[in-house]
Amino acid sequence: MSPSAVPPPAVAPARRGAHADLLTELNRGRSALAEVRHDAAIAFGPSMRVERFVLGNGLKVLLLEDHTAPVVCLQTWFGVGSRHERPGKTGLAHLFEHLMFGETEDVAHGAFDRLLEEAGAETNAATFLDWTYYHTNCPKDALPLAMKLEAGRIARLVLRDPQVSSEKEVVANERRQRVDDDVDGSVSELLYREAFKKHGYGWPTIGWMADIQGFTTDDCTAFYRTYYAPNNASLVIVGDVSPGEALRLAQEHYGTLPPSTIPIEDVQPEPPQTEERRSRVEKPTPTQKIAIGYKGPALGDFDHAPLVLLNEILFGGRSSRVHRALVQEQEIASEVRGWVGSFRDPALYDVFLSARGEHTGAELLAALDHVLEAVRRDPLSQGELDRAKARLELGTLQGLETVSGKAEQIGFYETVLGDPAALFDKLYAYRRVSVGDLLRVARRYLIDSSRTIIEVFPDGTAEDDDEEDAEEEVAA
Amino acid sequence: MSTATGTAPAVHIEPSDALPIVSVAVTFRSGSAHDPEGREGLARIFARMLRRGAHGYSSQQIEEAIDALGAELAADVSVSSTTVHFEVIRRSLDAMVDLVANLLARPTFDERELSRLLRESEAEIIEARDNDRALASRAFRRTLFAGHPYGRRVSGHIATLRTIGEGDVRAFYARHICRANAIVIVSGDVTDAEGREVAERLLAGLPEGERVADPVPPPVAKPGRHLVFVDKPDRSQTQMVIGGLGTDAHDSDHTALFVANTAFGGTFTSRLMQEVRAKRGWSYGASSRVGFDRQRDSFTMWTAPAAADAPPCLALQLELLHTFRDEGVTDAELEFVKRYLVRSHAFDIDTARKRVHQRLEAELYSLPEGYHEHYVDHVQAVTREAANASVKLRLSEDDLVIGVVGTHAEIGEVIAKAIPRLASVTVVPFDVE
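The listed protein sequences correspond, in order, to chains U and B.
Under my numbering, the very last position in the first sequence is 476; numbers go up by exactly one each time.
Under my numbering, the very last position in the second sequence is 1433; numbers go up by exactly one each time.
Be aware that one or more of the hints could be misleading.
To be verified - Taking beta-carbon pairs under 10 angstroms as the criterion, some of the chain U residues facing chain B (in silico):
#, residue
1, D141
2, A142
3, S166
4, T287
5, G316
6, S319
7, S320
8, R391
9, E393
10, L397
If you're looking for bench data, these hints aren't it; they were derived computationally from the structure.
Because the structure is a prediction, the values reported are computed rather than measured.
The beta-carbon is built from N, C-alpha and C at its ideal position, and this holds for glycine as well.
Using the sequences and the hints, build the whole thing.
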């Protein structure tokens, strides 16, 4: 983030002596790895505060007390995602996310979930381009169990067949469901593959099918030893818990884990795109579709906030420009949507348009280009900008309703930008965006020569027949 | 706090100052079950028309006003209800209440907007053919509840949408949108008194009216085993839903069946998930559910195996259902699932929105007294005998509907062969509706 994007100081240096008595007590008799220090008290919006602590082994503990209900969300964010893989081994971060629910030296296969469910907890995990995280929602009484099990699988996971083979099958089925048999999923995968020729954002997080099926247990073990270490993780705890209890549990369960040497990422910056790229696919879908990826800014870039606002004006709701033009006035689209990628490195501004009836992708693209030409040429109105800001403010607040919503924002921004409260930095940045900023980002990013287009055509099998009597009775 | 006297609108408020936002839902006890024969989709079209013109506001002006206030508005229709709900930043609450009260009391039902919406809705029906899971669900419900309101599609069909006119929309509005048919819930950054004032202002422009009777009769089981195969090209994977009639919230064994089903397919480590996913890796997801509405709804098992695994997966699920009925749940399974349900209950009520929605549900479905308030006690009281008796009584192996989305030429025959005692097979092109 450039200096001018920095909001009023949200990160106050830790006051001398903050938590001093507590830390002295907690550190008494602990090893160097388990010693905990207070790193920062960080304002999380106008009325909440995240405390960041660090253990001697490098594990970050981010704590937000929320005593509105007797529940806690525990999330562990690792700084590893599909971008850290290499060609031929794509999908390993995601497969590994599945394997982390398996056997450890202390817990039999299947027992991880069983023990937590029995305690009333719910678990899940997610992997994306920049990160992987593990999530447990639990009643407050179950936090000790949850942290014990979490730490156990970071340190003592057992990787062997037939569990690895079985989980590969599950992931292959997940891929069929989310990508191969899903028009949106397969088009998105193709869009990123065509848009990124060098950078790791070009391969899918779930991995290519051949790679998924080719993984060995040794691949998984090597990945585990490389990336699953306390100094590559942030533990986020939000809910009805005190700092003393949370830190004591962190020391007890994570304080023996040694740090690793995290490899320097061999990142390959994407060269500038100077020509439009187009691909065409056929799918068993009733109407033509078109996906467009404009090269966009990284999450931490000064331009990210104005581009998010511009997207809101173009695609946010029924009063947005593209919805109004393509869906309501011209009636050539049944669905339009846009999304500004939120990644560490520059990624895509994704646009997806689905044609109505016999209308074509070419018509959709021409109509979109007409709208985009206008926003590159003339300033948008202050009213449109104000409405977009109000929509984003509501969306930000809605994401904070539950303990898991708060934990997810804290973990995401800590992992990608190094600031657990950057969600609010974003909100402050939205407030400062001017109509001129919108004009600048429209002219900088909505460029034909840096876009990638996927055209989707029905494969000829779909027919517009709405007659129920098309059902065919077959003798059993 | 709540009020629900006579035919006055029921109002429930759940204050919380955790965030500066307020959530409101105005629900009417009428939904797609009230669509006239041949006009399926009417309730949903009516609900969507509410934001497409009101006294002093065009459709575009309504959208811009909502956005400017930092609000979201949605209109949803289910079989038994029509709900207008909104969420708004606290500072804009008054203005948003005025706007929504105007939408409810003085809609214009402009003919051009209606034509536009009907064309949009047709396009959405076509677009929905891309969603295999939804295709499986519709085929299943259409077959299980054939001729019953629960078997209808809430969004209607292209043919029925083409019969809907302005008069139909106005007639639906006149009959169903009145104070006596309404339930209002408010949660978030308001006091109880403020919430009540919000509810009163929202309904102020509506006639008193009468509560509309529920036209839905109890569904009757479809005898025999029936396969409905939705044929879609190039499927590497199938979506399968297997089931029959399930539970009614007023059944004396309702909680017992709910608990037994949770052990069978309601958690990540349940029997179904273990057998299908953990042991065999056949499907990313595997679950079962007993839902309810005002009447008995369905029991369903869901999986999504690769095409080649679909026949053995289907056979396995039928076997698991047989064992479930025959032997029921074990003591260990029952104890486990009761602990899970009781302890995880904290997450059913951890936000004001969830708490007030429980009260809406109780009103809307006329749930037995204390349904949510005594949930934990009810779960604790379930015995193994009661759980297993409910499974045997309520779930059938003989009367089953199996909905499958796949490529019929490749797996249609083997799927049918995997189902013993199959009474009928219906093959439906995926683009039939």
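Per-residue hint verdict: A142(U), partner chain B, C-beta under 10 angstroms
Holds. Min distance 7 angstroms.
Cut-off 10 angstroms, beta-carbon criterion: hint that D141(U) touches chain B:
It holds, given that the least Cβ distance between D141(U) and chain B is near 8 angstroms, below 10 angstroms.
Next item in the hint list is S320(U). Is there a CB on chain B closer than 10 angstroms to its CB?
holds (9 angstroms)
Cut-off 10 angstroms, beta-carbon criterion: hint that S319(U) touches chain B:
holds (4 angstroms)
Against chain B, is G316(U) within 10 angstroms by beta-carbon distance?
Since chain B brings a Cβ to about 8 angstroms from G316(U), closer than 10 angstroms, the hint holds.
Status of the L397(U) interface restraint (C-beta, 10 angstroms, chain B)
holds (5 angstroms)
Under 10 angstroms is the threshold here; is the Cβ of E393(U) close enough to any Cβ of chain B for the hint to stand?
OK, holds: E393(U) within 10 angstroms of chain B, min 5 angstroms.
For the hint on S166(U), just tell me whether its beta-carbon gets within less than 10 angstroms of chain B.
Cβ of S166(U) sits 4 angstroms from chain B, so the hint holds.
Once the shortest beta carbon distance from T287(U) to chain B is found, is it less than 10 angstroms?
holds (6 angstroms)
Given R391(U) as an interface hint, is its Cβ closer than 10 angstroms to any Cβ of chain B?
Because about 6 angstroms separates R391(U) from the closest Cβ in chain B, which is inside the 10 angstroms limit, the hint holds.
Going through the hint list in order, the structure satisfies each hint without exception.
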